[in-house]
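**Student:** Fit chain B to the supplied structure of chain A, relying on the hints for placement.
There are 2 protein chains.
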Amino acid sequence: MRLLITNDDGAYAPGIKALHRALNQDHEVWVVAPETEQSAVGHAITLVDPIRVHPLTPETGMTGWAVSGTPADCVKLALRELLDEPPEMVISGINLGANVGVNLLYSGTVSAATEGAILGLPAISISLGTLTQPDFSHAAAFAAHLVKQYSDLQVPLGVSLNVNVPALPASQIKGVRFCRQSTARLQEKFLKRQDPRGHLYYWQAGETMGTQGDGQTDYPALLEGYVTITPVGHDLTRHGVLSDIRDADVGLPIWDDN
Amino acid sequence: MRLLITNDDGAYAPGIKALHRALNQDHEVWVVAPETEQSAVGHAITLVDPIRVHPLTPETGMTGWAVSGTPADCVKLALRELLDEPPEMVISGINLGANVGVNLLYSGTVSAATEGAILGLPAISISLGTLTQPDFSHAAAFAAHLVKQYSDLQVPLGVSLNVNVPALPASQIKGVRFCRQSTARLQEKFLKRQDPRGHLYYWQAGETMGTQGDGQTDYPALLEGYVTITPVGHDLTRHGVLSDIRDADVGLPIWDDN
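Each protein sequence line maps, in turn, to chains A and B.
If you want the numbering used here, it's the 1-based position in the first sequence plus 66.
If you want the numbering used here, it's the 1-based position in the second sequence plus 66.
This is chain A alone, in the form it adopts within the complex:
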């Protein structure tokens, strides 16, 4: 297959190299990824700045481009401008750090796969459940494994699969679990500092918290030792709430034309 890979840790991050290595054996792989780390950019796209593009150097062992934009920009630009033929699938990752729960909203990795799905392609985002032990080999092997089985799953167009792989030895990975997005979320805190000129600034920090929810949701299942797969869409409507409030009489204010 002809595959497009991207990420949010940047084109020179070890996670994308591991992904490329695992997929390049059996597929034609093109890389279009941010030239610098874009973690937590979510589904940002670049409208107010120009976007620059540099071919990846041969030393990377990868063919493609580094882009001065976000992961979603990379997918759009790849399809509209950079690739001569459209890819058959988009794979985003391997992210250093799980993408579970509410954090899916902040994740450039997940958003790149969502963008691929919006543009009508099968798409996978894949992340490794650790910030400290970056051995991407199992996650990369799982990505290659899932790419081969993707069509059997008959995932509808417009939906991507968000995958998290536990950072465990193979013997401790219990299996694959399809599950819902959990309510786990980044519990943010702000570190207040003073710069050398006496001006205040903040660093945003935080850690993923909250394992409420059962093992049928992503974060608890990942912590139990399962590879998690969540089908992800882009309809934010809360349909149940809509049914409840649909007939409410909000009315219009009294306003004057001017």
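Do not take every clue at face value.
Put simply, identical chains are the same to the list, so a pair is met inside one copy or across any two.
Said to hold, decoys possible - Think about it this way: if two alpha-carbon atoms lie no more than 35 Å apart in a straight line, the pair counts; the simulated DSBU-like pairs of lysine-lysine are:
no. : residue 1 : residue 2
1   : K255      : K214
2   : K240      : K214
3   : K255      : K83
4   : K255      : K240
5   : K258      : K240
6   : K83       : K214
7   : K83       : K240
Since the hints were made in silico from the structure, they are not lab data.
**Tutor:** For chain B alone, kept in the frame of chain A given last:
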């Protein structure tokens, strides 16, 4: 009520001033908004850079802070650091340009309200359906109207309301319609240019396209002349797809521990 207002067009944009003016009469209003335009940043948060904060100057007629971050950063920072007491509601806008369809994902305006909802607050995002005729008065009046009625709607916590107001004379606004997110999306195109040093760069442009879907969805309803209200959440799981693939036997690849 004590209200937090923010936006993605920046603290000095006319839309937030109009919103402030409409709400400040009856409420205690705090502004925490990006210091520069952050359009299309989606749900980005700032983790890899420090965040700076400047009090708004008295000339703005508003009380609060301009922040060197994204709309979602503004909401988090307001709640965690800047406001002495938490607000009772978050209102984001008024955005210049509709936020409908797939564009909700790219919208900093919508993401700020979503962030408020994640943090447990009632929240509204509001946008004006034009890029060229920035008369915010009707949208501002509608925001004030909806704030007063919000509690009657019994919107559950964790859900925000995304509002779009047509850029029409009052006599042509047909009413309020609660509706789903449509499948309308940004049809992006890239303008390829050369800088003075001969290097290529791209501008991302595009327009919202696609009115597929009935008048029970946001973009068609807005074009018909209705104020649209969509309840928005942050669970991206496609539950129907999950049911379909839950028992698929993907299995684990054969991998060696290393």
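**Student:** If a hint holds in the structure, say so; if it does not, say that too.
**Tutor:** Structure-based check of all given hints:
no.: 1; hint: K255 <-> K214; result: between (41 Å within a copy, 32 Å between copies)
no.: 2; hint: K240 <-> K214; result: within (21 Å within a copy, 52 Å between copies)
no.: 3; hint: K255 <-> K83; result: both (32 Å within a copy, 29 Å between copies)
no.: 4; hint: K255 <-> K240; result: within (33 Å within a copy, 45 Å between copies)
no.: 5; hint: K258 <-> K240; result: neither (41 Å within a copy, 49 Å between copies)
no.: 6; hint: K83 <-> K214; result: within (19 Å within a copy, 53 Å between copies)
no.: 7; hint: K83 <-> K240; result: within (26 Å within a copy, 55 Å between copies)
Consistency note: the structure conflicts with earlier hint 5 alone.
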